[in-house]
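Take these sequences, add in the hints, and give me the full structure.
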Amino acid sequence: SAFILAIGHEWDELTLENIDVSSTDTATANPEFISSDIQLSGGILTVIFDFESPFDGHSLAPGLGRVLARYFYSAVVVPIDPEPATTHVIDFVDGTLGFPPVNNLLNIGGAQVFPVTNPGTVTCLPYIAPNGALYCGRFNPTSSQVENISERVGSVCSFSFYYSEPEDQIQGFEFAIEHDPRLIVQSTCIDPSGSQLELLGAEFYNCVVDDDPQGGTHFALGVLMDAFPPFTGQVLPPTDVPLLLGSIDLLIDPTTTPGAELHADFTPWSTVDVMFVVNDMIQPVPTLVGGTVTALPPLNILRGDCNNDAVVDLADSIIVLNVIFFGGEMLGCEIACDHNGDGTFDVADYIYLTNYVFLDGPPLPAPFPTCGPVPGAECAIPPSCP
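So in the numbering used here, the last one in the sequence shown is 544, and the numbering has no gaps at all.
Think of the hints as simulated: they come from the structure by calculation, not from any bench.
Note that the coordinates shown come from a computational prediction; the quantities given were computed from them, not determined experimentally.
For each residue, glycine too, the CB sits at the ideal point set by N, CA and C.
One thing to keep in mind: the hints can contain errors.
[Unchecked claim] Taking CB as the label site, the calculated pair distances span:
1) N364 / D504: 27 to 37 Å
2) V247 / P395: 35 to 45 Å
3) S351 / P277: 56 to 66 Å
So, in structure tokens, the structure goes:
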């Protein structure tokens, strides 16, 4: 007609989350009083079947294998594959739990019976981490792979970040990058333009850039896809192919030695970890693919050689006029056509070169009169210089 369960566990191994009688033989017998008490090292369940008037004497019928209740536990420390499963003992305890302490007992026909008890175990299986990955570099649509980058010394490269997760939807993530100080960040944050974050409407987006080389140069990004009401449930979708999360512009220090490999790697930093949020749980990212920027030699040009014939003469001035006023074809490197070295391509370049050729005007800025490097320069048409 009534029973008390007092079941204990090791508090530093397990946490008792809930005590429930739903879908048990206890629930089928329609008890009139149920009380549960969850404590640090155990839980008490008290059930009385006939507690209210008219006291008709109903009770739990005799039988074998009766299910009285279910206790739900979580492990304090969850093993992560390939760690082995962990087994934890749970046992009936008398005179320990409750205020005042209670004993395990059955009430049968008005008589208190102290039952024979048998301990049990809870086995926590290893958590199998998701198959997700984070990548940095540049996506190659031909190979569907994220690849390393090669750019000239002094140039600015777009360095991007991607994720893949073939099975689970991602509710959020955070990561930090430690990078070579010769990769100089050109913005205050990672730009989500064109990424899944922009497409799906990430609601919380926080970025930090630390360019102080004393403690290592870092930047970090934290994102929650659905952070505010009405909580519509947007997530990053499962994908086998890396999808874009954002990009940041990095200047390759002009003093960098050509051929140097400048690394950027995912790493915990300060309070930032590297993780996904999946099914409301923080999960480590099992695969982290850092990126490398290889510093190429700066481009050599001959300033003034606008038609790419390795000679600076009147023909180069004519090219400038044809391109600016008549829509003519650019025959050489546009940077070489910046005759006055002011960083623009306009009629002033025609005037500057004409003055030099015909009126003994000032010489063109370096690199001139021989080929030389221009850090950061890029040309659609290869220059005449070796």
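Evaluation of the provided hints:
1. For the hinted restraint 27 to 37 Å between N364 and D504, the CB-CB distance of approximately 42 Å leaves it violated.
2. Separated by about 42 Å at the C-beta atoms, V247 and P395 satisfy the suggested range of 35 to 45 Å.
3. Checked against the given bound of 56 to 66 Å, the beta carbons of S351 and P277, roughly 60 Å apart, stay inside it.
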